[in-house]
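Colleague: Letter by letter, the chains look like this.
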Amino acid sequence: MRSRRSILRDALGIAIATGAYALSFGALSVTAGLSVAQTCALSLLMFTGASQFAFIGIVGAGGNPWAGAATAALLGTRNALYGVRLSSLLDIRRWRLPVSAQFVIDETTAMAIARDTPAESRYAFWATAVALFSLWNLGTLIGALATQALPDPKALGLDAAPPAAFLALLAPRLRAREPLAVAVAAALVALVALPFVPTGVPLLIVAAVVVLYGIRPR
Amino acid sequence: MIWTPLLVASAACYAIKLAGLSLPQRFLGDRRIQRVVPLLPVALLAALVATQTFATGHHLVLDVRAAALAVAAVAVLLRAPFLAVVAAGAATAALLRLAL
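Residue numbers (the working numbering), protein chains in the order written: chain A, 1 to 218; chain B, 1 to 100.
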C-alpha cells in the first residue's frame, strides 16, 4: 500500500533525526556525571526526551536528584494529553495497553493523529514507536560510550551545552504570544528564586506559578 | 545516590503515559488541565535555560555559557537540527575558554 510506504519513510526520517538527538543526550548525561548504565536506563525506561534532559541537567548542575525527578515528571504530563487523543485512535485493550503506553510521546502522537483511517493511525504509531525507540536507545548508548572515552568532556564545552539543548526543545513551542510571555516570566521567576532556595527548587516554584496562572478564574 | 530518583521518575513518567490512555476522557478533558499542561513544558524549559545559563549554585553569574546560549539561539533561528544547536553551544564555550 502506497500510504504505508510513505508513513514508513516518514517514521524512519523522524527516528534518524531523533537518533542524532540521542547522541547528544548520551554525551551530556555522562558529562553531567551519570554512568553509562544510568544514561541508558533513562532512555529505556523514561523514554521522553525533555524529561530526560531536565533530569540530567539538574543533577549535572549540582541539584538534588529528587528535584530533577519532580521536574522530569512535570515535563512528562503533556504525554497524558497525547494519550487522550490516541486512546480513541489506537485499538488498545488488554496486554496492548501497558505496552503502548511507553511509546506515547510527541513524535508518535504527531505521526498517528494526522491520518485518514484508524488503521493508518495504528500503523503510523507503531512504525514510529519501533524505529524511534531503537535509534533513541542506540544513539544514547553510542553518545554515552564515546563521551566516557574522552579524557575531558569539558574541554569540548559539553558541560555548557545543556541550555542549548533546552532552548532547542523550547523554541518550537513559542509560536504564539502567550507561550512566549509565559517563557519570559518563568525564566525571570526562576532567576529571582534561585539565590534563596535549594538548586532545582526554582523549577518547582515555576511549575506552581504556572498552575495557578492556568487555573485562575476569568 | 541517583538510581532511586532515576527509577522513581521513570515510573512516574510511565504512569502519566498510562493514565492518558486509560483515564476517562472527561477528567483530562477538563478545561483547566487542557490549559495548564501545554504551558508546563514551556515554563519549565525556559526556567531551565535561564538557571543553567546564568547561575552556578546559588549565585547569578555571567560567563561563557551566555555566549554559548546566544550562538545556540542563532542556530535555532536558522532552523539548524537539534544536534547542530547543541554542538554550536558546546563549541562556543570550548573556544571561548581557550581564548580567555
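Derived by calculation from the structure, the hints in this document are not laboratory data.
Among the hints, erroneous ones may be present.
[What the hints assert, rightly or not] Listed below are the simulated SDA-like cross-link pairs for lysine to any residue, each with C-alpha atoms no more than 25 Å apart in a straight line: (1) Lys154(A) with Ile215(A); (2) Lys154(A) with Arg9(A); (3) Lys154(A) with Val36(B); (4) Lys154(A) with His58(B); (5) Lys154(A) with Leu100(B); (6) Lys154(A) with Pro24(B); (7) Lys154(A) with Arg173(A); (8) Lys154(A) with Ala91(B); (9) Lys154(A) with Arg35(B); (10) Lys154(A) with Leu18(B); (11) Lys154(A) with Leu97(A); (12) Lys154(A) with Val74(B); (13) Lys154(A) with Pro172(A); (14) Lys154(A) with Asp10(A); (15) Lys154(A) with Ser134(A); (16) Lys154(A) with Ala15(B); (17) Lys154(A) with Leu8(A); (18) Lys154(A) with Arg175(A); (19) Lys154(A) with Ala37(A); (20) Lys154(A) with Ala19(B); (21) Lys154(A) with Val8(B); (22) Lys154(A) with Asp30(B); (23) Lys154(A) with Cys40(A); (24) Lys154(A) with Pro38(B); (25) Lys154(A) with Leu23(B); (26) Lys154(A) with Met1(B); (27) Lys154(A) with His59(B); (28) Lys154(A) with Ser3(A); (29) Lys154(A) with Leu89(A); (30) Lys154(A) with Gly33(A); (31) Lys154(A) with Leu12(A); (32) Lys154(A) with Arg26(B); (33) Lys154(A) with Ala67(B); (34) Lys154(A) with Trp3(B); (35) Lys154(A) with Ala11(B); (36) Lys154(A) with Ala20(A); (37) Lys154(A) with Ala99(B); (38) Lys154(A) with Thr199(A).
Colleague: With reference to the structure, classify each hint as holding or not holding.
Modeller: Each hint, compared with the structure:
1. Lys154(A) with Ile215(A): 42 Å, violated
2. Lys154(A) with Arg9(A): 37 Å, violated
3. Lys154(A) with Val36(B): Violated, because 37 Å separates the two Cα atoms, which is more than 25 Å.
4. Lys154(A) with His58(B): Judged against 25 Å, a Cα distance of about 21 Å means the pair holds.
5. Lys154(A) with Leu100(B): 15 Å, holds
6. Lys154(A) with Pro24(B): Violated, because 48 Å separates the two Cα atoms, which is more than 25 Å.
7. Lys154(A) with Arg173(A): 30 Å, violated
8. Lys154(A) with Ala91(B): 10 Å, holds
9. Lys154(A) with Arg35(B): Violated, at roughly 40 Å.
10. Lys154(A) with Leu18(B): 38 Å, violated
11. Lys154(A) with Leu97(A): Violated, at about 43 Å.
12. Lys154(A) with Val74(B): Since the Cα atoms of Lys154(A) and Val74(B) sit roughly 22 Å apart, the hinted pair holds (cutoff 25 Å).
13. Lys154(A) with Pro172(A): Violated, at roughly 28 Å.
14. Lys154(A) with Asp10(A): 36 Å, violated
15. Lys154(A) with Ser134(A): 29 Å, violated
16. Lys154(A) with Ala15(B): 35 Å, violated
17. Lys154(A) with Leu8(A): Roughly 39 Å separates the two Cα atoms, so the pair is violated.
18. Lys154(A) with Arg175(A): Roughly 33 Å between the alpha carbons, so the hint for Lys154(A) and Arg175(A) is violated.
19. Lys154(A) with Ala37(A): 21 Å, holds
20. Lys154(A) with Ala19(B): 40 Å, violated
21. Lys154(A) with Val8(B): Not OK: Lys154(A) and Val8(B) at ~29 Å, beyond 25 Å, violated.
22. Lys154(A) with Asp30(B): 46 Å, violated
23. Lys154(A) with Cys40(A): 21 Å, holds
24. Lys154(A) with Pro38(B): Cα-Cα ~34 Å, so violated.
25. Lys154(A) with Leu23(B): Violated, at roughly 45 Å.
26. Lys154(A) with Met1(B): 23 Å, holds
27. Lys154(A) with His59(B): 21 Å, holds
28. Lys154(A) with Ser3(A): 46 Å, violated
29. Lys154(A) with Leu89(A): Not satisfied, since the Cα-Cα distance of roughly 46 Å exceeds 25 Å.
30. Lys154(A) with Gly33(A): 12 Å, holds
31. Lys154(A) with Leu12(A): 33 Å, violated
32. Lys154(A) with Arg26(B): Since the Cα atoms of Lys154(A) and Arg26(B) sit roughly 49 Å apart, the hinted pair is violated (cutoff 25 Å).
33. Lys154(A) with Ala67(B): 16 Å, holds
34. Lys154(A) with Trp3(B): 24 Å, holds
35. Lys154(A) with Ala11(B): Since the Cα atoms of Lys154(A) and Ala11(B) sit roughly 31 Å apart, the hinted pair is violated (cutoff 25 Å).
36. Lys154(A) with Ala20(A): 20 Å, holds
37. Lys154(A) with Ala99(B): 15 Å, holds
38. Lys154(A) with Thr199(A): 21 Å, holds
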